[in-house]
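Dock chain B against the given chain A, drawing on the hints supplied.
Chains A and B are the protein sequences, given in the same order.
Take the first sequence: its letter number 217 is residue 217 in the UniProt record's numbering, and every next letter is one higher.
Take the second sequence: its letter number 281 is residue 281 in the UniProt record's numbering, and every next letter is one higher.
Calculated from the structure, these hints are not laboratory results.
Take the hints with a grain of salt, since some may be wrong.
Straight line, CA to CA, 30 Å or less: simulated BS3-like cross-link-like pairs of lysine-lysine [claimed, not checked]:
id: 1; chain 1: B; residue 1: K305; chain 2: A; residue 2: K226
id: 2; chain 1: B; residue 1: K108; chain 2: A; residue 2: K226
id: 3; chain 1: B; residue 1: K223; chain 2: A; residue 2: K325
id: 4; chain 1: B; residue 1: K323; chain 2: A; residue 2: K223
id: 5; chain 1: B; residue 1: K108; chain 2: A; residue 2: K223
id: 6; chain 1: A; residue 1: K223; chain 2: B; residue 2: K213
id: 7; chain 1: A; residue 1: K226; chain 2: B; residue 2: K226
id: 8; chain 1: B; residue 1: K226; chain 2: A; residue 2: K305
id: 9; chain 1: A; residue 1: K325; chain 2: A; residue 2: K108
id: 10; chain 1: A; residue 1: K89; chain 2: B; residue 2: K213
id: 11; chain 1: B; residue 1: K323; chain 2: A; residue 2: K226
id: 12; chain 1: B; residue 1: K325; chain 2: A; residue 2: K223
id: 13; chain 1: B; residue 1: K89; chain 2: A; residue 2: K213
All values reported here derive from a predicted model rather than from experimental measurement.
Chain residues, written in single-letter form:
There are 2 protein chains.
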Amino acid sequence: MSVYRNRLLTPGPVELHPKALEALSRPQLHHRTDEARAFFQAAREGLKQAWNTEGEVLLLTGSGTLAMEALVLNLFAPGERVWVPVHGKFSERWAEIAESLGLEVVRKDLEWGRVVKPEMVEELSGPFHGALLTHSESSTGAQNDVRTLAQTFKSRFPNALVVADMVTSLLISPVALEAWGIDAAASGSQKGTMCPPGLGYAALSPRALERLKPRGYYMNLAKERKAQAEGESAWTPAINLVAAVAGVLGQVLPGLEEHLRLKARQTELLYRAGESVGLKPVPEVKSPATTCFYLPEGFRYAQVKEAFARRGATIIGGQGILKGKIFRISLMGYSDIYDAYAVAELMKDALQSLG
Amino acid sequence: MSVYRNRLLTPGPVELHPKALEALSRPQLHHRTDEARAFFQAAREGLKQAWNTEGEVLLLTGSGTLAMEALVLNLFAPGERVWVPVHGKFSERWAEIAESLGLEVVRKDLEWGRVVKPEMVEELSGPFHGALLTHSESSTGAQNDVRTLAQTFKSRFPNALVVADMVTSLLISPVALEAWGIDAAASGSQKGTMCPPGLGYAALSPRALERLKPRGYYMNLAKERKAQAEGESAWTPAINLVAAVAGVLGQVLPGLEEHLRLKARQTELLYRAGESVGLKPVPEVKSPATTCFYLPEGFRYAQVKEAFARRGATIIGGQGILKGKIFRISLMGYSDIYDAYAVAELMKDALQSLG
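One chain only, chain A, in its complex shape (with noise of 0.2 Å):
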């Protein structure tokens, strides 16, 4: 018996909200109903609320990388020109489904932790049908202007599609489609709707929608949309998911901004702490979805990771190149301001343990 209790500050799966865990205990759903179908609109109308859309989104079994794969499946075609900048795990996860799928790279490489700038926009030379781009870069704890990075590439390649992916950003930080010139974007339900994993949300604006090819089978996005126009979904969907979401949008939407300035200042007071005791943070510009720091000089991970664990938390390292050089915490999850000065103590706590 601990004297501390768990706490899962991992940026993604996070702590449940409770609207979550309530959806998730009740008795078995059938989609085909009218109950289910409600929740089903209703998560899809949240969705569309928290994204700012005027287009739609669709909800997808699966995870957010599902969702990224089916929007460049379904928006480009093979031969395609596409611009990806690279600067962590996820950034780089666009390049490879691209690849996988038969478009063409233009790949531009940052350092991890570094992000994407105007300019590098500038020195392009066309044509691109698109760029895939990553608003927080939860391996490296880094958030891109995606607004100002897509008006750019917009203006130009005014016919080309940009795509973000705003799995971390979606009710952690503001996020728009087409006031910032972002034609599609994927999130998923373990992140900023604090549910647990295995919903992928594939979010579509008007101009995406006109220029949608389907393609595919369990990811053709023209099936998907013309089944949950009817609250229901091409293939059996993960229904109970669907409730919970929709249960936690309920809660949070009319919030939202005291919600996105609650994720900003407990990033800031971690990221305070952090400082406080000497760890430097990873990121160029902090998202507010994961603070990252790079390892205390002369201490492995595994070390700092236990300590975290001595104390209840579960904490995570760094991805890719950055395994064994970094630690992420995240209060992603359901938790209040004064969580994050619980996890703020814990942290410098665990750190100071270590000497």
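Same frame as chain A, but now just chain B:
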């Protein structure tokens, strides 16, 4: 307030096993932790045992359709020739998937409700790279003898791969891979495993594992296999469901033979009750997964559905060409033999109330 309790009698999703609800009400787990890896391995081992295979079972976050598409994608190349007997909505799905992936589909269309006969294999002229069969065709309630079909097909085309939809036979009817000449099979969490929808299962015999051609990104089974060997997954998994599946399998597998006998007895009882009030069964050979009857003469599906609904029961109608012609009820979910007696009485009451 109704005097009836709610009963979900659809052929998936189904009434949840209490071990599933128990797992789903726990706080969120991170998938890259020892606890999560233990659930992942337990679910994989349990499914391997359920499928009687020395190969392996991959858990995919998505529906059973995703697992079906992933199998076709990773086991066949475009242009390869496959035999697909079509006798319902789900066998037709195999044909659609194979066509969408560029395979040459040799279709054998049967009346919906009929089963595939070994003679139909004898009539084929090769070459064939594979056959896509359906064990339990839930849209008609028919069960194919996929064992005899696979063995007949293999005796004629020894190099071909036989892939079976076992979505509603796994843990409902006896199933096997190698011993039956079946190389790969698909199922999903919301059927015999009595969990919510959201996981597809892809079972691969040792022979199929040798023939795996890694393709796709989200559906790349070679990548999944590598990750799942370590108790993880290539993409963020629906880990809550994985834990639920592990919990249910731990309860069901030790008494599997008795469980399968129960499913057979339940269905027999429901057919007997329906026939006693003059209903005509749809399938030529009955699957224990779903009881399918033609609508009583002179009544519309909405009336039958309403008669069940008034007694708290959710049933489902026909799909595709059987829409408006049949109704289906299932006890695949958590239920015992006395529940079958209860549902039999409910069905008789519902139908007699129609006059």
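Inset, instruction - Sort out whether K223(A) lies within 30 Å of K323(B), counting only the CA atoms. - result: At roughly 20 Å apart (the allowed maximum being 30 Å), K223(A) and K323(B) satisfy the hint.
Inset, instruction - Starting from K108(B), check that the Cα of K226(A) is at most 30 Å away, please. - result: 29 Å, holds
Legend entry - K305(B) paired with K226(A) [C-alpha distance capped at 30 Å]: 25 Å, holds
Legend entry - Restraint check for K89(B) with K213(A), where alpha carbons must lie at most 30 Å apart: Given pair K89(B), K213(A) holds - Cα atoms ~25 Å apart, limit 30 Å.
Inset, instruction - Assess, step by step, whether the Cα of K325(B) is no farther than 30 Å from the Cα of K223(A), and give holds or violated. - result: 25 Å, holds
Legend entry - 30 Å limit on alpha-carbon distance, applied to hinted pair K89(A) and K213(B): Within the cut-off at roughly 25 Å; holds.
Inset, instruction - Given the hint that K108(B) pairs with K223(A), test it: the Cα-Cα distance must not exceed 30 Å. - result: Answer holds: K108(B) to K223(A) is near 26 Å, not above 30 Å.
Inset, instruction - Could you grab the alpha-carbon distance between K223(A) and K213(B) and see if it respects the 30 Å cut-off? - result: Holds, at roughly 27 Å.
Legend entry - Given hint K226(A) paired with K323(B) - CA-CA distance at most 30 Å: 19 Å, holds
Inset, instruction - Starting from K223(B), check that the Cα of K325(A) is at most 30 Å away, please. - result: 25 Å, holds
Legend entry - Given pair status - K305(A), K226(B), alpha carbons within 30 Å: Holds: K226(B) and K305(A) sit about 25 Å apart, inside 30 Å.
Legend entry - Straight-line alpha-carbon gap K325(A) to K108(A), limit 30 Å: 23 Å, holds
Of the numbered hints stated above, the single one contradicted by the structure is hint 7.
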